[in-house]
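Asks: Here's the letter readout for the chains.
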Amino acid sequence: MFERLIAGAGGASDGNVWMPPQSSTAAPAVDRLFYFIFWISAFFFALIVILAIVFVIRYRKRAGRVAPVEVPTHNTPLEIAWTVIPLLIVFVIFYLGFKIFLDVVTPPKNAYEVQVTAQRWKWMFTYPNGHVDENLHVPLDTPVLLVMTSEDVIHSFFVPDFRLKRDIVPGRYNKTWFRATQEGAHDLMCAEYCGTSHSTMLAQVVVHPPGGFEKWLAEASNFLAKLPPAEAGAQVFRTRGCAQCHSLDGKANVGPTMQAVFGSSVSTRDGKRLVADENYIRESIIDPQARIVAGFDPVMPTYKGRLKDEEITVLIAYIKTLSN
Amino acid sequence: MSDAAVGSGGAVLGTPPAGGNYLSHGHGLASWLFTLDHKRIGVLYLISILISFFLGGVFAMLIRTELLTPGRTLMGPDTYNRMFTLHGAIMIFLFIIPGVPGALGNFILPIMLGAKDVAFPKLNLASWWLYVIGSLFAILSMVLGGADTGWTFYTPYSVDSTSSVTALTFGAFILGFSSIFTGLNFIVTIHKLRPKGMTWFKMPLFLWSLYATAIIQILATPVLGITLLLLIVERAFGVGIFDPALGGDPVLFQHFFWFYSHPAVYIMILPAMGIMSELISTFSHRTIFGYRFIAYSSIAIAVISFLVWGHHMFVSGQSNLANMVFSFLTFLVAIPSAIKVFNWLATMYKGSITLETPMIYALMFLALFGIGGLTGLFLGALATDVHLSDTYFIVAHFHYTMMGGVVIAFLGGLHYWWPKMFGRMYSERWGQIAAWLLFVGFNLTFISQFLMGSKGMPRRYYTYLERFQPYHEASTIGGYIMAVAFIIMAVYLVDSLRRGRPAPANPWGSATLEWVCASPPPHDNFATTPQFTDPYDMRGLELDPKTGGYVRRAEA
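Top line first, the protein sequences correspond to chains P and W.
Heads up: the first sequence begins at 1 in our numbering, then just goes up one per residue.
Heads up: the second sequence begins at 1001 in our numbering, then just goes up one per residue.
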């Protein structure tokens, strides 16, 4: 236990009492600072508590003890000392904190870039080849630059194993970067409160061994060709944010449920009736405001240009299966 | 005037004045609700903030119970989100901010000055009424279903939210005026109503701290008022200020909000530090050590606290330069607090220490606020803050300063001035039991939160990963222990009003002027302006076994 408590100096890749496993190049430096401050704090805390206890025991009022009549009321050199010494200590902490921070936030030039889109309550990671995934896959020991934005409220990208956190603010791009040092899956959480499902807005950062990432990306990007249309459509539905507003269980959400919607007769806001066939679903994806189902607000963004034709086709194939 | 220090206002030490006291002066509800007596207003504030504290505490217990298990324990996520919003908003705006100045400050400040009242008694009453009206809006917000934004009301979430954000923020807006009125009153009172001989550097340190607090209340609170008003305007009329969908800037809201809300934590802690100075010197039965450093450090905190708000936004995307400046200034504000702690310790040196309940709270403050302050170093440092921001580490740090600091000092002050306020002594034995129980429960609750926070447990989570459950269980058990301690406290304090031993004028051996006044004080406090004496000169104060109070031995 004690060894794990002081294991800030390194060799702590499986975590210790205070910190989770170290899995990025930033983690050891941050942890060293953490434990540096920790031991300074422990020293001053012990000093305060021990002095208080000693004084209470030594100077408590008791029979036979005559308290001194004249007591020191001030001692300027002493008071200046306990002003200046803490000041110097916090300057050191400030300097180390800023220096390590600069190292941690400044991305190297040749970093691999991934676009991050956060929306309630979902992560979308877009790779340079256009592939979109719900988890963040990265190669080991390679700098990865994240260019992040939000579709709605403020979120925050937080990977404890990487000691990394950055808010994701709508209407602007916030950047961060990391270089992973441990293979495997690491928890990714939303750290800025964003509503109902804030605590389940989780994903994984999957760190691939050398060569593994390229292989994964090639296979994952090829899902349209590899998977049967309905399964590929289910993946598009999941990863592209459809599920955030359209339920599969018959309950109305921000948008109508997709359960049994295909082939059903729906009434629109302007009082007309129509049958939800392939063309209506396609139109609702590309031009959502054209004919809105009664009882819902015109809030869906257009997916024109954001989804490929093949993706829309498999989506329709998937939605058809929900009517069986 | 030569005998004025030995009891004025018709009060011979330890015997009630012939003309009754402020409690018996005037009867009926109206004589309380429309009183201009600072003491009665103090009591009204005390009752109001304790009701708020109870309400906020109930929400805290519901939160902790929900978090016993991941997933649903008691309630769904939307209810949970309202619970932590209400817990935060009530504890901050309705309890801690008005707590020490409104309840203890109103009662004690004029008597400490040897005055009959504050400078503007009607403004004082208006301040309490604004508090009540602001509270009604908070209650209205609850009746309408409660807000779900967190007490920080971050945009654009709070702009979009369909919950009752407007009622709650409008309540906070009104409460801001209540706070401003109190601050204004205290500043004028301290400037104009000090007795002859009480120069600035001979004032009791509690007054210095209330003065520093009042400066922040007056200068910072208007910014919060405007900010919340802008938020309401944006919600009501769709004027784009903070919501990027309307052309606004959400981070601007954070700047505005913390420009008030960081100084606000010093509105909360400064009066608590003032109480500490009184408690430590009284129960060490010796003069305060380093008076000037303590007084100047209060002012230093008030000034620097305005310049550190950006440390709440280290991961928001603000520039590295801004981060550097705010980190640097944040470390500066740590120093005055450290100075105070060292001076309090030095005050115990060569004292004659007694360990009555208020002193137990003062000693606990040293330990708990010590942890709260020192863990601030992890958060002021940029590299570690990136990891710890928005985790339970923040929650624990905040509670160590605000509860381990402010609430513990408030309880110390309440137990210290209780005999003065109500003329009754409470059970010392139960006082000690409740204090230690609170100490154990508090540490169990929040040390668990430090541990899970640094391991990566984010705050405001309804459910969590399995590996965090042991920490949450320990934290919840600690919360229940605190609840038991508070129930014990409520029982013996209420019981003291009926059955407590009558309090002597000066039960602890303090040298400030309020202890020259009878317990409870007469309506007018003092018949004539009392003669000023050194507030920390305890020499010559001796325990009179007949009354159980201290009397000043006549100088030979």
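In case anyone wonders, no lab produced these hints; they're calculated from the structure.
Each residue gets a CB set at the ideal place from its N, CA and C atoms; glycine is no exception.
It cannot be assumed that every hint is accurate.
Unchecked claim - Cut-off 35 angstroms, straight-line C-alpha distance, at most; resulting in silico cross-link-like pairs (DSBU-like, lysine-lysine):
hint, chain 1, residue 1, chain 2, residue 2
1, P, Lys-272, W, Lys-1192
2, W, Lys-1192, P, Lys-61
3, W, Lys-1196, W, Lys-1350
4, W, Lys-1192, P, Lys-109
5, W, Lys-1196, P, Lys-320
6, W, Lys-1116, W, Lys-1192
As the list claims (entries may be wrong) - Quick list of simulated restraints, FRET-style, between CB atoms:
hint, chain 1, residue 1, chain 2, residue 2, range
7, W, Glu-1473, P, Trp-39, 41 to 49 angstroms
8, P, Gly-212, W, Ala-1245, 38 to 46 angstroms
9, P, Glu-310, W, Gly-1076, 54 to 62 angstroms
Asks: Holds or violated: Lys-1196(W) and Lys-320(P), Cα atoms, limit 35 angstroms.
Replies: Violated, at roughly 89 angstroms.
Asks: Honestly, do Gly-212(P) and Ala-1245(W) meet the 38 to 46 angstroms range at C-beta?
Replies: For Ala-1245(W) against Gly-212(P), whose Cβ atoms are near 40 angstroms apart, the range 38 to 46 angstroms holds.
Asks: Take the C-alpha atoms of Lys-272(P) and Lys-1192(W), compute the straight-line distance between them, and say whether it is at most 35 angstroms.
Replies: Distance ~76 angstroms between Lys-272(P) and Lys-1192(W) Cα, so the pair is violated.
Asks: Could you tell me whether the CB distance from Glu-1473(W) to Trp-39(P) stays inside 41 to 49 angstroms?
Replies: Violated: the Cβ-Cβ distance is about 29 angstroms, outside 41 to 49 angstroms.
Asks: Are the Cα positions of Lys-1192(W) and Lys-109(P) separated by 35 angstroms at most?
Replies: At roughly 64 angstroms apart (the allowed maximum being 35 angstroms), Lys-109(P) and Lys-1192(W) break the hint.
Asks: Using the beta carbons of Glu-310(P) and Gly-1076(W), state whether their distance is inside 54 to 62 angstroms or not.
Replies: violated (39 angstroms)
Asks: Is Lys-1192(W) close enough to Lys-61(P), meaning Cα to Cα at most 35 angstroms?
Replies: Given pair Lys-1192(W), Lys-61(P) is violated - Cα atoms ~39 angstroms apart, limit 35 angstroms.
Asks: Given the hint that Lys-1196(W) pairs with Lys-1350(W), does the C-alpha gap stay at or below 35 angstroms?
Replies: Distance ~31 angstroms between Lys-1196(W) and Lys-1350(W) Cα, so the pair holds.
Asks: Check whether the Cα positions of Lys-1116(W) and Lys-1192(W) lie no farther apart than 35 angstroms.
Replies: holds (12 angstroms)
Violated hints for the displayed structure, listed by number in ascending order: 1, 2, 4, 5, 7, 9.
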